[in-house]
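Assemble the dimeric complex from its two separately framed chains, guided by the hints.
Order-wise, the sequence lines are chains F and G. Going by the working numbering, the first residue of the first sequence is number 1, and it counts up by one from there. Going by the working numbering, the first residue of the second sequence is number 1001, and it counts up by one from there.
Hints are not guaranteed to be accurate.
[What the hints assert, rightly or not] Calculated lysine-lysine pairs in the BS3-like style (CA-CA distance at most 25 Å, straight line):
(1) K70/F to K293/F
(2) K84/F to K118/F
(3) K636/F to K459/F
(4) K764/F to K457/F
(5) K118/F to K70/F
(6) K1050/G to K173/F
(7) K1012/G to K183/F
(8) K266/F to K234/F
(9) K764/F to K321/F
(10) K200/F to K1012/G
(11) K593/F to K564/F
(12) K64/F to K118/F
(13) K70/F to K297/F
(14) K297/F to K237/F
(15) K145/F to K293/F
(16) K1017/G to K200/F
(17) K162/F to K183/F
(18) K577/F to K564/F
(19) K421/F to K331/F
(20) K173/F to K1042/G
(21) K1071/G to K1050/G
(22) K1052/G to K1042/G
(23) K173/F to K1052/G
(24) K183/F to K1042/G
(25) K555/F to K15/F
(26) K1012/G to K173/F
(27) K183/F to K1052/G
No wet-lab data here; the hints were simulated from the structure.
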Amino acid sequence: MAIKDYEPNMVLATKKFDVVGTRPVRHDGTDKVTGRAQYGADFTATGLIYGAILRSPHAHARIKSIDTSKAKSAAGILAVVTAKDFPKLTASRDEYVQLGELNTRLGYLRDNILADDKVLYKGQPVAAVAAANAHVAHEALSLIKVEYEVLPSVLTAPEAMKGNAAILHDHLKTEELGEQTDKVSNVAQHFQHVLGDLEKGLADAEVVIEREFNTATVHQGYIEPHNATAFWNKDGKVTIWCSTQGPFEVRDASAASLGLDIASIKLVPMEIGGGFGGKFEPFGAPVAAMLSKITGKPVKIVMTRAEDLQGTGPTPGSNMKVKMGVTKNGKFTAAQAHLAFEAGAFPGSPVGAAAMTVFAVYDIPNVVVDGYDVVVNKPKSGAYRAPGATQAAFAVETVVDEIAEKLGIDPIELRLMNAAKEGTRRADGPVNPRIGCVEVMEAMRDHPHYKAPLEGKNKGRGVAVGFWINGAGESALTLRVNSDGSVTLSEGSADIGGTRTSVAMQAAEVLGVPAESISPQVVDTDSVGYTSGTGGSSVTFKAGWAAYEAANDVKAQLIERASKIWEVDAGTLEYGKGEIKSKSDPELKLTFKELAGQLNSTGGPVVGSSNLMPPAIGGAYAGCIVDVEVDPDTGKTTIERFTMVQDAGKAIHPSYVEGQLQGGSVQGIGWALNEEYYMSDEGGMMNSSLLDYRIPVSLDVPMIDTVIVEVASPTHPFGVRGVGEVNLVPPPAAIANGIYRALGVRMEVLPMKPASVMEAVWKK
Amino acid sequence: MATVHIPSLMQKMTDGKQTVEVEGSTVRRIIDNLDEAYPGMKERLVADNKVKPNISVAVDGVVTSMGMLEKVREESEVFFLPAIGGGAG
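Looking at chain G on its own, in the form it has when it is part of the complex (with noise of 0.2 Å):
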């Protein structure tokens, strides 16, 4: 399974866990997996059926521009980070 690295100020949704391990082979099926875990994540990601603009995702320490379909392997590391630049608001 990989391990998906929780952002802190999104550790209150996993009772306080800063890494779940997660099944899925892309990154849409991790947040869907996180997200029956864990009621509200999805919502927190995604909009649109797409990783939210402000938010990006690396995956074994490479920031993805393919967003959910980025693959993820049994052995990866998915981490949710802010945006570079971010423009939220």
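Isolated chain F, as found in the complex (with noise of 0.2 Å):
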């Protein structure tokens, strides 16, 4: 395409359908416009009481005891637990929980829901009051005696590797896939994925860069923080409303640490502000529901903002150092990443994900990854948006765009000479399928941001290319059909980025029909069957898919019905365009609308099911422009324009992708320049505000334009690759490489904050 073809929030789409692509009025619109819509803090039942959640002032320590007496005695309190009173587990500690992207043992889940001998982070709960009305139970929460050994604590990776750094836990040993060492240590997990003959790779480089970086523990930074609601009938069933990616996981995992059998608990999912990968872990849940079972009410937990950031799931921080080697004529021969990741208090980091993409937009015959899960004295850290995979395309595309200034070659050049293609084999083993990462990167290179002339001081254009996995799942959804020719879909996936429409249109499309006409509804986890998170850039992809397939049983029940009405063998009959049809007699013919008002004297309702678990294939690029101008003053990094590309595969509603692609640049320009967990030297997170946690407001960011690539996945029926999550990837490193371009300083640490620019230019 020429480069005056482009408009802003550009579709280079490759293939027209009727309802897919289109950009229909959302179906939850009104309700989300209006203030309607129901969140988990809005929940309200009958008798409902509130509980609140004691949580530990050190970083790390011992718990010697727990008085709980004068708690128990107060006015208005109704209930107060500690790990102590939860049910004794049915399945042992080391038991794997799924929780969304990630997953964990369950000794470690009920640790960090109660913590019972030790506490690992400051804000890990410890104990839980429940009082009507939340002030007091709030109140209360002060006459809980806890006495505490503190101990030493580690808050990053390189200081709890060291050798004598203070111990986590002290029967966690480091397992190498499946074997377990000897040594007690804070490194949980260490593993090394190999391609080729790496020394020969770097004595075939010409020129060899490498550097070593380090990233702070950023939040998601969603808006609604974590709550949950939870009723202990007598009977033994338990509720839980709360807000949730995952309701399924979440209904297990509290089943899981409460002792329960799945079937016990319903969960339903409220709307939803903002995930982002933070929300799969039952935080609440089974404390809530512990409450209730000793008060015999609904309680509700709504965490405060600085609970919510001292006490939930943050992505980690990281120490990561990166090899590259290029022949002068720019053919990358060798890489090499050493990727230690902060897990936060119990194993389980992203660093798995980071060593899967930390090489992959990009075919290099010799690699070598080494990556480390590390336990560190902060909480546990969560999914948060392509885990992983930002931190490792910092290091990457920053030593890449350094290469592409030594050998004095454009940078999407450099990028297009070695890009991973169909075919290409990534480090970590598998063998690349029809991608579309040389799509995004020409239509970075031919979009007129990236010809524009750049005027005035101080100023750069930075650009990189970010990969992620995608992920894929379980999904069940049910189409019933309507007498008036409306359908009622029923799924189990959470919506957060507005899945509902894209899934809704997808069954639009098989059945010919509006996507208005489809009504769309998540319901709860009796109602559906399992359905795994809204993680992974999944749920347009394997809800969409589900949607596909139930459609496509609502149709042959359809043609049943109309062979039935006329007599004829449904072999002679089609479906078309919301119409069914005799193959050969152009008398026979019938709207959906029509042959649905003739279901209940045909043979009674029709509903078309779907339960399936596709492969998610080939994953997703996404690459960025972006211009910025950096007070050589004060480090003070201003962003003047942005330019966000990335392949979708199709975008069904492409509104809600470029809301997609916008979302994640604008939290990949807060966690360039101003996120982090600022940390005291005791292990306290000191800014645990929004006021002082800088997530961008409007005024930090510029309109974001927006490329959608359509680069059809080879197995969905649509095409579709799911946009979630790889538009966060390249943000900060192009940040960071057009801060060079501007100031001329490499940066090595995020966020680039005003003191962090200034030092590396006092360095220079």
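The following block contains the structure:
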């Protein structure tokens, strides 16, 4: 496509459909914009009372005793619980619990719900109370006396990996793909990916660049804090209403931690005010359930902002060393990465994903990647939009930019010369199927932003490209045809980014009806089959595929009904564009709506259903172009222009895809320039409010331009790849490269706050 | 026979071989036959008759959630990888 053809928010569509690819009004739009949508904190019930959680003031300490007697006897306090009040686990503490894109052992999950004998981060829950109102509950926390033996803490991976570091878990030994080493350590896991011969690749290189990078812990920054209401009925059944990305994961994890059968718990997903990976863990739900069991009343717990920042699952800080070798004509010959990620208090950082993605943008014959999952005295890390990939891309894409500069090659051309393609083997093993890496880079190169002059002092233009694996998982869905031709769709995927509509549109496309005639409902866990969580950019992919299958099921049933009405063989009929008709007799035809009105007289309701677990194939690529201006006296970076290019496979609803690209870009800008857990030496988060934890506001960002590239996924019926995450991968690296071109300093830390930029300038 | 890529940290069990050819129409059979040729492999990869939760299996480039039941073709490539989100230890 020629440059002049580009317009703002361009879709480079490769295939047209009737409904897919259009922009209908979202089904839940009215409730959202009128404020009628019910979020977790809005939930109320007869007899509702409130819970509050006492949290550890120490980053690392042994709990010597907990005295709850004063709290229990205080006026207005209805219940107090500690870990000792929880039922004995019926499963092993070592059993794994799936939490969206990450997983954990049951013992760690329980200790993160309420600590038992040790606290491992400041903010870890220790006890909880219930009272008639939230203020009384919070006040009563001060009546609980906890005696701690404070222990030395470790806050970064390099510190925790030292031989003399304080040990968090007395039993933790490093595991190397199933083999446990003998030494107690803070390194929970070490693994290695090897491709080709690294030494040979480095020997073949004419230029070798090596740098070390450190990134800070950052939070997902969702606006709605974690919340949960639970009611433990007299019959032993528990209902949980909460904001979560994974209704089934939270149900199962709650059941496991409470020692209940899964069927004893019904989880009702409320609307969700953002998650970005951070709402898979059942932080408050099991505690609320225990308080409800004691009081016989529904108990609501809503975290304060400080609790949410200190006591949930941020994405980890990291220490990364990257070395890359290249010939003088720009061909990458070798790459090596050492990735040490902070897991937080319990094992399970996204270092595995970081290692899969770190060099996945490129075709490099000789690679070694070492990954280390390291426990430190911070909250247990959670998923955050392409977990692990943003940190890894920051390191690699900075080194790639330096190679381009050293060789005097345009940075996008250098990337194109080495781009991963179909058939390229990744360092972690798999061979790429059809992917859109080259197409993304070409769209960046051809975009008018990349060619536009950049005038003025202290300005720089940076680019970077990122990869994310994308996930899939289980999905169950039903379509019920109503007598007026409308269709009710029930699904189990929490809707964070407009997926009610993107899933409904895929059913509408198959049925040949307008998107508006489908009514999509996210239902509770008793009302639909197991559906894995809204993570891994998976919902439009997997639930959309389920909608496609369920709609085909409906079509087949409608053809059967028409064959009954016309007394002809079903094989003589066909379905197309919302019409059932004879292949040979033009008189025999009925619209979808007309036939829907005859269902009760032809055999009863028509319900299409699908339960599937499609494979995720190919992943997705995104790249961005960013113009920055950096104040050389203060180090403050201003984003002047920003363009995000991403391969969506197929954009089902382009407006929502553009929203994802813009949202990921803004989060990337925040991660790049401002956001960090600012820790005291004792391990406390010093900036646990949104006044001090600086996520971007509208004044910090320009309008984000987007380009949607469509290289169809080789398996999905409409070519969907999933769009929610990869857009967060390249921004910090692109901004770092822009800062270099503005001021001539290579940034090796995130965030690149003014102080860090000035430090780099002074070191120059 | 399928080609099994041996993770570098397990290659001491295969005398340094990076890939080995193994018979088997499912991941279960592949692991059983791998263990027969290189004793100890199964213990590293399997617990309670399932692929260990902190290990992923990829067949022909696709990480499978079918685990031991995943079908393997004659010309397939099989990989054992660390799971995306660790939780080991």
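Here is what the structure says about each hint:
{"no.": "1", "hint": "K70/F to K293/F", "in the structure": "holds (21 Å)"}
{"no.": "2", "hint": "K84/F to K118/F", "in the structure": "holds (13 Å)"}
{"no.": "3", "hint": "K636/F to K459/F", "in the structure": "holds (12 Å)"}
{"no.": "4", "hint": "K764/F to K457/F", "in the structure": "holds (18 Å)"}
{"no.": "5", "hint": "K118/F to K70/F", "in the structure": "holds (22 Å)"}
{"no.": "6", "hint": "K1050/G to K173/F", "in the structure": "holds (22 Å)"}
{"no.": "7", "hint": "K1012/G to K183/F", "in the structure": "holds (20 Å)"}
{"no.": "8", "hint": "K266/F to K234/F", "in the structure": "holds (15 Å)"}
{"no.": "9", "hint": "K764/F to K321/F", "in the structure": "holds (20 Å)"}
{"no.": "10", "hint": "K200/F to K1012/G", "in the structure": "holds (21 Å)"}
{"no.": "11", "hint": "K593/F to K564/F", "in the structure": "holds (17 Å)"}
{"no.": "12", "hint": "K64/F to K118/F", "in the structure": "holds (9 Å)"}
{"no.": "13", "hint": "K70/F to K297/F", "in the structure": "holds (22 Å)"}
{"no.": "14", "hint": "K297/F to K237/F", "in the structure": "holds (13 Å)"}
{"no.": "15", "hint": "K145/F to K293/F", "in the structure": "holds (23 Å)"}
{"no.": "16", "hint": "K1017/G to K200/F", "in the structure": "holds (18 Å)"}
{"no.": "17", "hint": "K162/F to K183/F", "in the structure": "holds (13 Å)"}
{"no.": "18", "hint": "K577/F to K564/F", "in the structure": "holds (21 Å)"}
{"no.": "19", "hint": "K421/F to K331/F", "in the structure": "holds (15 Å)"}
{"no.": "20", "hint": "K173/F to K1042/G", "in the structure": "holds (20 Å)"}
{"no.": "21", "hint": "K1071/G to K1050/G", "in the structure": "holds (15 Å)"}
{"no.": "22", "hint": "K1052/G to K1042/G", "in the structure": "holds (10 Å)"}
{"no.": "23", "hint": "K173/F to K1052/G", "in the structure": "holds (17 Å)"}
{"no.": "24", "hint": "K183/F to K1042/G", "in the structure": "holds (23 Å)"}
{"no.": "25", "hint": "K555/F to K15/F", "in the structure": "holds (23 Å)"}
{"no.": "26", "hint": "K1012/G to K173/F", "in the structure": "holds (20 Å)"}
{"no.": "27", "hint": "K183/F to K1052/G", "in the structure": "holds (21 Å)"}
Every hint, counting from the list given before, is met by this structure.
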